[in-house]
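Trainee: All chains, please: the whole structure from these sequences, using the hints.
So you can see what is in the structure, the chains are spelled out below.
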Amino acid sequence: MNVTANDNNTMITVRNLSKTYSRKGVGEPALQNVSLAVKAGELFGLIGPDGAGKTTLFRILATLLLPGEGEATVCGLDVVTRWREIRARTGYMPGRFSLYQDLSVEENLAFFATVFSASIKENYELIRDIYVHLEPFKNRRAGKLSGGMKQKLALCCALIHRPDVLLLDEPTTGVDPVSRVEFWDMLGRLKQQGIAILVSTPYMDEASRCDRIALMRSGRCLATGTPARICQSYKRPLYSVRSSRMYPLLGHLRSWAGAHSCYAFGHSHHLALKDSATDIASLETYLKEKGYTDALIQPVEPGVEDCFMELGND
Amino acid sequence: MKALRYLLEKEFKQIMRDRFLPKIIFIMPVLQLAILPFAANFEMRNIYIGIVDNDRSVCSQRLTGKILSSGYFKLTDISPGYEEGLTSVEKDISDILIEIPAGFEKDLGKEGKAQVLIAANAINGTKGGLGYSYLSTIIQDFNSDSGYGVRTAGSITSKHLYNPHLNYKNYMVPGIMAFLLTLIGGFLSALNIVSEKEKGTIEQINVTPLPKSLFLLSKLIPFWIIGFILLTIGMIITWLIYGLIPAGSFGTIYLFAAIYLIAFTGLGLAISSISSNQQQAMFTAFFFMIIFALMSGLFTPVSSMPEWAQKLTLFNPLRYFVDVMRMVYLKGSRLSDLPVHFFVICLFAIFFNALAVIGYRKSN
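Top line first, the protein sequences correspond to chains C and U. Numbers 1 to 314, taken from the numbering used here, label the letters of the first sequence in order. Numbers 1 to 364, taken from the numbering used here, label the letters of the second sequence in order.
Calculated from the structure, these hints are not laboratory results. As the structure is a prediction and not an experimental result, all values here were calculated from the model. In this text, a Cβ means the ideal position worked out from N, Cα and C, and glycines have one as well. A couple of the hints might just be wrong.
Result set (DSSO-like, lysine-lysine): computed pairs, CA atoms no more than 30 angstroms apart in a straight line [said to hold, decoys possible]:
hint: 1; chain 1: U; residue 1: Lys199; chain 2: C; residue 2: Lys121
hint: 2; chain 1: U; residue 1: Lys127; chain 2: U; residue 2: Lys169
hint: 3; chain 1: U; residue 1: Lys74; chain 2: C; residue 2: Lys138
hint: 4; chain 1: C; residue 1: Lys144; chain 2: U; residue 2: Lys197
hint: 5; chain 1: C; residue 1: Lys121; chain 2: C; residue 2: Lys39
hint: 6; chain 1: C; residue 1: Lys235; chain 2: C; residue 2: Lys288
hint: 7; chain 1: U; residue 1: Lys113; chain 2: U; residue 2: Lys74
hint: 8; chain 1: C; residue 1: Lys138; chain 2: U; residue 2: Lys66
A few chain U residues facing chain C, derived, Cβ under 8 angstroms [unchecked claim]:
hint: 9; residue: Arg17
hint: 10; residue: Lys127
hint: 11; residue: Glu203
Mentor: Pasting the structure below:
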C-alpha cells in the first residue's frame, strides 16, 4: 500500500518499527514492533512510564535516529530518505528544554523562525494564544523563565514555521498542575488548525485529553484506541479499598484468594477481582478478620491507569 | 544567507553575554604578551661572582672592573684566598669564582701570559656554563685590548643579522602571538559545539532543515573574527611594550593568520564533534595544544631536538606559523619567500576542517 499524505489525512504512520541501541543488534530493544497512525487534526497520546520507548519513537520520527526494522513516514515522507523535507514540515519539542538559555524570549523565537526560513509576522496568528502569556517577558532570557513558561516558549518555537506535524516529547513533565491544564488546552486549540499532534506523557490522567492513545511499556505498544474504548476493554470487576492502615492493607489484599491484582492508586488501593462471580461480601469478612474495622470498599469505573496495569501484567 | 546572518548574530550575542569569555579573550593576549617574553628568557644575567685577587695590581683591577661592568655579573664578595672564596660558592652565595694569582701583572708583562682560575658552580648547568663562557670572552677581550696573548692570523668576528642586539624578546614575541591565535582558534571553538551538545540545544538545531555546512560555518566565522581582533591587539601591544613592528608586511601576517585560524578552528570543531561534554573536549584540546606548543620551536629551537622529534614537528601546524611570524617580523619575509609554509598551512586547514565535517554527523 502506498501511503501518501492525502490518504485519509494520515500524517504519521509507523509500521512494525523496531529499534535496538546496541551495535550488534543484541540487547534489550528500545522499540519492538510498534505500529500506529496519526491523522491530521488529531491529538494522539503516547502513554507510558520512563523507559517505554517514547523518546526513541520521537527521535526516529524527528529524523534524528535511524529506525532499526520497519518503516515510518511523516507527512507521507519516509524518515530515512526524505528527512530534509520532513524537518521543514515538522515541529519537534524535545523532552529536555533545549532553547538557547542566553538568548531572550523574542530572540529565540526570531532565531528559530529564521532557520526555518519563516518569519514571526506571517505565522503570528498560530502562536498568538500562547505568546500572549510570554509577551510580558519577551526581553527576559529564556534560561530565567519558569518551567511552565519555558514549555510555552518551546511550543512557540516548534510552531513558528507552521508545521503540519507536531511532536511533543513529555511537554508537561516537571510543570505545575495549573500550567499543565493550560498546556493541554492549547494543544486542543492547535489540533483544530489541522495539525497532527503526537504527544507523550507519563501522567495517566492526561490520557483523557487525547483523541486516541497508545499505551506503551518496555518498547511495546500494549493497546491503541480512544481512551474510552481502552477503558471499556477492561473486563474485571474493580473496587477501591481504603482504610486507616494503607500499607499493610496492600499486602493483605494481594494475598486474598479472590484478588487478581491490587496496587496503590492515590488515596486508595485498586483491587481487581479474578472473576465477576466473586462475592464482595466475603472480602469484607476477610478484612474484618485481619483487623481492618474501618475498611471502605467501593466499586469504581476503570481508568486508563487501571488498563495500563492490567495490560502490563500479561 | 539570511539564515547564516542570524546564526552569526546568535553566536556573537552568546559570546558577548557570557560573563567570562569576552574578558578573558582580551585580557589573555595582554598578559601573555606583557609577561611571557620576560619570563621565557634564556639570556643569563645576574650571575653572582666571587673574586679572589691575590695580585692587587693595576692590571688585575682592570680585569675585575671589566668583568663587573659587562652587565652579566654581580659581585658578591672579594675574598682574601681561594679557600674562602670557595666557601661562598658552597653556600650558594656565588655562582662562579675567579682567582687572579699573585704576580699576575708581572707575568703578563714579562712573559706575555698569565693564568687565572675560574671555578663555576655547575648545579645549574646553564648558569655555570654560560657564566664560564661569558668570563672567557671577557678575558679574551681583555687580552686583545691590552695587546697580550697570541694573535691569530685571522680572528673570527660575528655579525648578528635580523636581530642585531640579540634581543631575546624580539624573538619570543612573534612566536607568542602565534601561540595566542592557536589558543583562541583551538580552545574556544572546541568548547563551543560541545556546549550546545551539553545544553541539548543541538537537538533543536538538528531538527531544522539547516544544512550541516552552514551550521559549521556559523561556528567557524566568529572565532575567525575574534582571532583577527586578537592579532591586531597583540601587534599593538607588541609595538607599545617592545617597540617592535614587523619588518615585513601586515598583509602577509594577516593572510597567514587567516588560513591558520581556519585550520585551528577546524581542529577545535573536530574535537568538539567527537567529544560529548566540555571536560572531554577541554582535555583533548589541551593535549594537542601542549604537544603543539612544546614541539613548535616556540620555546626551544627545533634544530636542537633529536632527529625523530624534528621529523614529528613537520606535522605540527604551529611550528610553521611560529616560523612565519618570526620571519615576517624580524626578517621581513614576503609570501614569495614562504611558499612551503603557505602550502602546508593550507593543507592543515583542509585536513582539520574535513575532520570536523566528518565528525559532525548531523543525520544519524
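Trainee: For each hint, tell me whether it holds in the structure or not.
Mentor: Against the structure, the hints:
In summary, the hint linking Lys199 (chain U) to Lys121 (chain C) is supported, as the alpha carbons are separated by about 29 angstroms, within the 30 angstroms threshold. For a cut-off of 30 angstroms, the pair hint linking Lys127 (chain U) to Lys169 (chain U) stands: about 19 angstroms separates their Cα positions. With a C-alpha separation of about 69 angstroms, the suggested pairing of Lys74 (chain U) with Lys138 (chain C) is violated against the 30 angstroms cut-off. Taking the CA atoms of Lys144 (chain C) and Lys197 (chain U), the gap is about 20 angstroms. The hint holds against a cut of 30 angstroms.
With a C-alpha separation of about 28 angstroms, the suggested pairing of Lys121 (chain C) with Lys39 (chain C) holds against the 30 angstroms cut-off. Distance check on the hinted pair: Lys235 (chain C) and Lys288 (chain C) sit about 28 angstroms apart at the alpha-carbon level, within 30 angstroms; holds. About 27 angstroms separates the Cα atoms of Lys113 (chain U) and Lys74 (chain U), which keeps this hinted pair within 30 angstroms; it holds. Restraint check for Lys138 (chain C) and Lys66 (chain U): the C-alpha separation of about 77 angstroms exceeds 30 angstroms, so the hint is violated.
Against a cut-off of 8 angstroms between C-beta atoms, the interface hint on Arg17 (chain U) holds, since the closest Cβ of chain C lies about 5 angstroms away. For Lys127 (chain U), the interface hint is violated, since its Cβ never comes within 8 angstroms of a Cβ in chain C; the closest pair sits about 52 angstroms apart. The beta carbon of Glu203 (chain U) is positioned within 8 angstroms of a beta carbon in chain C (closest approach about 5 angstroms), and the interface hint is therefore held.
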